[in-house]
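Residue numbers (this note's numbering), protein chains in the order written: chain A, 8 to 310; chain B, 221 to 488; chain C, 5 to 340.
There's no promise every hint is true.
To be verified - Listed next, the in silico DMTMM-like pairs over lysine to aspartate or glutamate satisfying Cα-Cα at most 20 Å (straight line):
| hint | chain 1 | residue 1 | chain 2 | residue 2 |
| --- | --- | --- | --- | --- |
| 1 | C | Lys-158 | B | Glu-256 |
| 2 | A | Lys-146 | B | Glu-385 |
| 3 | B | Lys-230 | A | Glu-205 |
| 4 | A | Lys-302 | B | Asp-319 |
| 5 | A | Lys-141 | B | Glu-255 |
| 6 | C | Lys-158 | C | Glu-214 |
| 7 | A | Lys-141 | B | Glu-256 |
| 8 | B | Lys-257 | A | Glu-147 |
Bear in mind the hints are in silico, worked out from the structure with no lab data behind them.
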Amino acid sequence: MTATVRGSYLFYRRPGLLTLLLLAPPILWIGIVYIGALLALLLQSFYSLDDFSGVIVREFTLKTYGELFERSNIEIIGRTVTMAAAVTVTSAVIAFPISYFAARYARGSTKAMFYLAVMMPLWSSYLVKVYAWKLILAKEGIITWIAGELHLAWALDALLSTPVIGGPSLSISYIGTYLVFVYIWLPYMILPVQAALERVPGNLIEAAADLGATPKQTFRTVILPLALPGVVAGSIFTFSLTLGDYIIPQIVGNSRAFIGQAVYTLQGNAGNIPLAAAFTVVPMLIMGLYLAMAKRLGAFDAL
Amino acid sequence: MRSEAGVGLKLGAAAGLLFLHLPLVLIFVYAFTTEEKSYQFPPPGYTTRWFSAAWFDRPDIWPPLILSLKVALIATVLALIFGTLAAAALHRARFYGRDSISLLFILPIALPGIITGIALRSAFDIMGLPFSTWTIVLGHATFTIVVVYNNVLARFRRTSQSMIEASMDLGANGPQTFRHVILPQIASALLAGGMLAFALSFDEVIVTTFTAGQQSTLPIWMLNELLRPRQRPVTNVVAIIVIAVTFLPILAAYFVTREGEHTAGSGK
Amino acid sequence: MTTAVSLQQVSRHFGPVRAVDNVTLDIAEGEFFALLGPSGSGKTTCLRLIAGFDQPTSGHIEIFGETAEGLPPYKRNVNTVFQDYALFPHMTVAQNVAYGLMIKGLARTEREPKAEAALAMVKLSGFGSRRPSQLSGGQRPRVALARALVNQPKVLLLDEPLGALDLKLREQMQEELKALQKQLGISFVFVTHDQGEALSMADRVAIFNEGRIVQAGTPADVYERPRSRFVADFVGSSNVMSPGFSAAHGGPNAWTSLRPEKISVLKATQAPGTGLGSADGPVIAMHYQGAVTRIVIMAGDTRLTAAIAAGAAHFAEGETARLVWSKDSLVAMESP
Numbered sequence: 008m009t010a011t012v013r014g015s016y017l018f019y020r021r022p023g024l025l026t027l028l029l030l031a032p033p034i035l036w037i038g039i040v041y042i043g044a045l046l047a048l049l050l051q052s053f054y055s056l057d058d059f060s061g062v063i064v065r066e067f068t069l070k071t072y073g074e075l076f077e078r079s080n081i082e083i084i085g086r087t088v089t090m091a092a093a094v095t096v097t098s099a100v101i102a103f104p105i106s107y108f109a110a111r112y113a114r115g116s117t118k119a120m121f122y123l124a125v126m127m128p129l130w131s132s133y134l135v136k137v138y139a140w141k142l143i144l145a146k147e148g149i150i151t152w153i154a155g156e157l158h159l160a161w162a163l164d165a166l167l168s169t170p171v172i173g174g175p176s177l178s179i180s181y182i183g184t185y186l187v188f189v190y191i192w193l194p195y196m197i198l199p200v201q202a203a204l205e206r207v208p209g210n211l212i213e214a215a216a217d218l219g220a221t222p223k224q225t226f227r228t229v230i231l232p233l234a235l236p237g238v239v240a241g242s243i244f245t246f247s248l249t250l251g252d253y254i255i256p257q258i259v260g261n262s263r264a265f266i267g268q269a270v271y272t273l274q275g276n277a278g279n280i281p282l283a284a285a286f287t288v289v290p291m292l293i294m295g296l297y298l299a300m301a302k303r304l305g306a307f308d309a310l
Numbered sequence: 221m222r223s224e225a226g227v228g229l230k231l232g233a234a235a236g237l238l239f240l241h242l243p244l245v246l247i248f249v250y251a252f253t254t255e256e257k258s259y260q261f262p263p264p265g266y267t268t269r270w271f272s273a274a275w276f277d278r279p280d281i282w283p284p285l286i287l288s289l290k291v292a293l294i295a296t297v298l299a300l301i302f303g304t305l306a307a308a309a310l311h312r313a314r315f316y317g318r319d320s321i322s323l324l325f326i327l328p329i330a331l332p333g334i335i336t337g338i339a340l341r342s343a344f345d346i347m348g349l350p351f352s353t354w355t356i357v358l359g360h361a362t363f364t365i366v367v368v369y370n371n372v373l374a375r376f377r378r379t380s381q382s383m384i385e386a387s388m389d390l391g392a393n394g395p396q397t398f399r400h401v402i403l404p405q406i407a408s409a410l411l412a413g414g415m416l417a418f419a420l421s422f423d424e425v426i427v428t429t430f431t432a433g434q435q436s437t438l439p440i441w442m443l444n445e446l447l448r449p450r451q452r453p454v455t456n457v458v459a460i461i462v463i464a465v466t467f468l469p470i471l472a473a474y475f476v477t478r479e480g481e482h483t484a485g486s487g488k
Numbered sequence: 005m006t007t008a009v010s011l012q013q014v015s016r017h018f019g020p021v022r023a024v025d026n027v028t029l030d031i032a033e034g035e036f037f038a039l040l041g042p043s044g045s046g047k048t049t050c051l052r053l054i055a056g057f058d059q060p061t062s063g064h065i066e067i068f069g070e071t072a073e074g075l076p077p078y079k080r081n082v083n084t085v086f087q088d089y090a091l092f093p094h095m096t097v098a099q100n101v102a103y104g105l106m107i108k109g110l111a112r113t114e115r116e117p118k119a120e121a122a123l124a125m126v127k128l129s130g131f132g133s134r135r136p137s138q139l140s141g142g143q144r145p146r147v148a149l150a151r152a153l154v155n156q157p158k159v160l161l162l163d164e165p166l167g168a169l170d171l172k173l174r175e176q177m178q179e180e181l182k183a184l185q186k187q188l189g190i191s192f193v194f195v196t197h198d199q200g201e202a203l204s205m206a207d208r209v210a211i212f213n214e215g216r217i218v219q220a221g222t223p224a225d226v227y228e229r230p231r232s233r234f235v236a237d238f239v240g241s242s243n244v245m246s247p248g249f250s251a252a253h254g255g256p257n258a259w260t261s262l263r264p265e266k267i268s269v270l271k272a273t274q275a276p277g278t279g280l281g282s283a284d285g286p287v288i289a290m291h292y293q294g295a296v297t298r299i300v301i302m303a304g305d306t307r308l309t310a311a312i313a314a315g316a317a318h319f320a321e322g323e324t325a326r327l328v329w330s331k332d333s334l335v336a337m338e339s340p
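Modelling step: build the complete structure from the supplied sequences, incorporating the hints.
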């Protein structure tokens with residue numbers, strides 16, 4: 008064999024080269040477009056807005072991050088994180104029976120139906136779904152009507168008069184915002200949990216029963232720990248999506264802002280891009296920590 | 221053997237599914253209401269006139285619809301190319317940092333969309349890039365890649381490595397093996413991933429509001445109608461159309477990949 | 005005789021793991037050669053180096069005198085039957101078999117009869133239009149075989165092709181494979197961890213352990229004259245005596261192997277014949293195995309097993325038995 012003939016089998020002899028060649032275009036795309044943009048954003052957060060002229064001062068400063076710790080902004084962050092946590096926990100609770108039934112008991116066409124029944128709302132238009140809830144939660148809408156028909160209007164009124172979470176109508180209250188968030192992100196929890204449960208072999212459950220565990224004990228000591236990576240994977244989505252959403256609270260909710268709305272308003276009307284950028288660092292940090300933790304729990308295998 | 225599910229579990233599962241679906245049914249009901257100004261339930265009467273109204277009286281629907289289709293198409297093609305390359309590379313190689321790279325592709329959907337949006341916006345500002353169809357595409361093709369990537373990677377994992385070796389063993393070089401063995405293996409995953417990417421892009425609003433400038437995609441049009449309604453039932457009619465446009469590809473994607481694999485949308 | 009495949013000091017290391025460690029091996033044209041060893045012993049890696057799926061870290065490989073390292077699989081005139089058969093699921097059986105011919109650029113009219121002939125050779129005439137998923141477990145290796153042989157390779161590589169089959173089917177396929185190899189007259193390189201399979205089919209066997217060839221030779225050679233305890237134990241079963249025990253019982257002053265079927269068992273009262281080796285000890289176990297019964301005794305601290313025809317003798321546990329063997333049956337080994 009001569010050297011020139013060997014040269015034509017370059018990718019065979021250097022398989023790493025082919026990998027590099029395959030990987031370069033997508034990495035460059037994501038690297039330049041996405042990571043580049045993130046870095047640009049991060050850079051902006053170290054600039055500041057001149058209070059009098061409203062012009063962005065392109066000099067390095069931590070002043071903008073200082074503004075983040077003003078009382079009103081801390082409240083926004085606290086409110087958003089609380090909402091994200093509540094939504095995540097609720098989604099997990101609602102998702103579990105569906106996932107568990109689909110993974111363990113549904114077979115054949117039932118299973119296919121379950122899968123489609125979860126996929127369809129997941130992929131249906133986000134705005135359409137939010138809009139549907141605007142219809143449902145409106146003062147003249149279906150919930151008020153049902154409550155009236157069941158003579159439970161008093162209960163609805165009592166709920167709405169609860170301080171903080173109540174409001175003039177469901178569509179102008181935290182309860183409404185919370186319901187819509189749960190509804191919209193629920194399928195993102197169901198699918199990974201189901202995937203994790205699918206991977207629990209049936210004989211493990213039989214083994215636990217054989218070793219004397221009651222169904223409750225089996226659930227707590229075998230099924231739940233094995234499903235945990237799926238729940239964590241799902242919670243990445245529910246938590247992150249709630250943290251960054253600015254449309255749902257804009258359409259259904261009261262006037263108190265969430266992080267997403269604050270960012271949107273700051274970069275738009277207020278023109279305060281540095282503070283908007285600093286605000287986005289908060290969900291990035293939270294999600295960074297969250298992803299690091301999820302990785303350790305093996306959640307990425309359940310994605 | 222598996223026992224029957226308990227009543228509690230069945231009820232829980234059924235209630236969860238109802239919760240997911242009833243709101244969508246309501247959209248259909250409201251598309252036929254005669255009440256134009258409020259969301260009164262039950263509707264005082266039923267009419268089909270909003271369908272013709274949407275078609276004849278509202279020319280403002282068409283440009284956003286066309287822009288949305290165009291953006292979704294381009295974003296899907298880009299996602300197919302980059303997603304497949306990434307999946308092929310990360311499947312075949314075992315190298316240090318592989319997990320970090322796969323995290324990189326998941327990041328655009330793992331981080332809140334508003335971050336992607338404002339990050340792109342500020343990058344366009346810095347570069348002085350004017351808003352256009354392409355700025356929207358640029359944004360969409362960051363998060364559609366992962367859908368194709370996930371689908372194709374899942375398929376690669378199911379395809380045994382010895383199949384590729386067998387092809388080489390029987391005399392086929394790299395390109396021949398790709399054409400005769402690899403491509404037929406991943407074709408349906410590509411189709412499914414492509415359709416899901418299309419649906420995802422067609423529906424996107426959070427990132428798009430930052431990258432569209434004055435342009436209006438169909439979701440942005442809808443958002444404006446939600447915030448400042450003109451004819452509420454027309455919005456319902458458009459909502460039904462949007463459901464159809466996104467739902468049909470998803471259904472198709474499901475049937476294309478259903479043989480033994482249920483990963484299609486798990487990484488939206 | 006022409007050398008078909010030659011490995012010269014070939015090593016393949018994966019990081020610190022020496023999967024193949026300094027292997028030298030010549031396989032003759034027309035020879036049925038078995039690579040035998042436990043899993044992880046390097047036999048499959050060795051096969052993959054010959055096929056070209058992997059490249060040696062060092063050393064030299066020749067296939068019919070031509071340097072093979074650096075040459076991709078599609079440039080080597082060898083074909084492989086994979087352990088999982090690697091049939092293309094999106095093609096029919098006939099398309100699978102004709103794949104190599106199609107790649108070579110043969111017209112459909114030329115390759116179809118050739119594929120059909122190859123299928124006939126493996127007794128699958130008329131199965132061409134099926135999909136691999138519609139085949140039974142016994143039919144899949146046949147398709148894999150036809151798909152490889154249709155290309156008329158000079159060397160056929162088989163990677164545990166019968167491992168997934170049940171015993172009856174496996175024995176039947178062993179016979180057919182052996183007959184096919186004789187008929188075609190090409191070299192078969194056969195990887196297996198089943199010593200019975202290797203002994204019954206191969207002209208020569210190389211026994212692998214921890215990446216190295218520990219012994220190579222004809223089946224009778226490696227069975228009758230194991231050179232180490234590993235070979236003695238892995239190929240059949242064996243009694244291994246320490247040099248001291250062997251010398252004390254009329255054997256050589258070396259590690260010594262004695263096959264259980266070479267031993268006869270007497271009552272303690274019966275005298276061994278002259279010129280025979282013997283050892284006494286209490287019976288600790290009797291294993292009935294159908295055709296034979298295995299009797300285990302402890303002679304001092306050496307455990308000895310004898311295999312005798314079932315029903316030829318009976319002992320109670322703890323009763324003293326006298327094991328007797330011809331001194332020719334003792335095989336001195338080079339290492340323990």
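Here is what the structure says about each hint:
1. C:Lys-158 <-> B:Glu-256: Cα-Cα ~82 Å, so violated.
2. A:Lys-146 <-> B:Glu-385: Outside the cut-off at roughly 65 Å; violated.
3. B:Lys-230 <-> A:Glu-205: Given that 20 Å is the threshold and the Cα spacing comes to 17 Å, the pair holds.
4. A:Lys-302 <-> B:Asp-319: Within the cut-off at roughly 10 Å; holds.
5. A:Lys-141 <-> B:Glu-255: holds (15 Å)
6. C:Lys-158 <-> C:Glu-214: violated (29 Å)
7. A:Lys-141 <-> B:Glu-256: Measuring from Cα to Cα gives roughly 15 Å; hence the hint holds.
8. B:Lys-257 <-> A:Glu-147: Given that 20 Å is the threshold and the Cα spacing comes to 11 Å, the pair holds.
Checked against the numbered hints given earlier, the structure breaks hints 1, 2 and 6 and satisfies all the rest.
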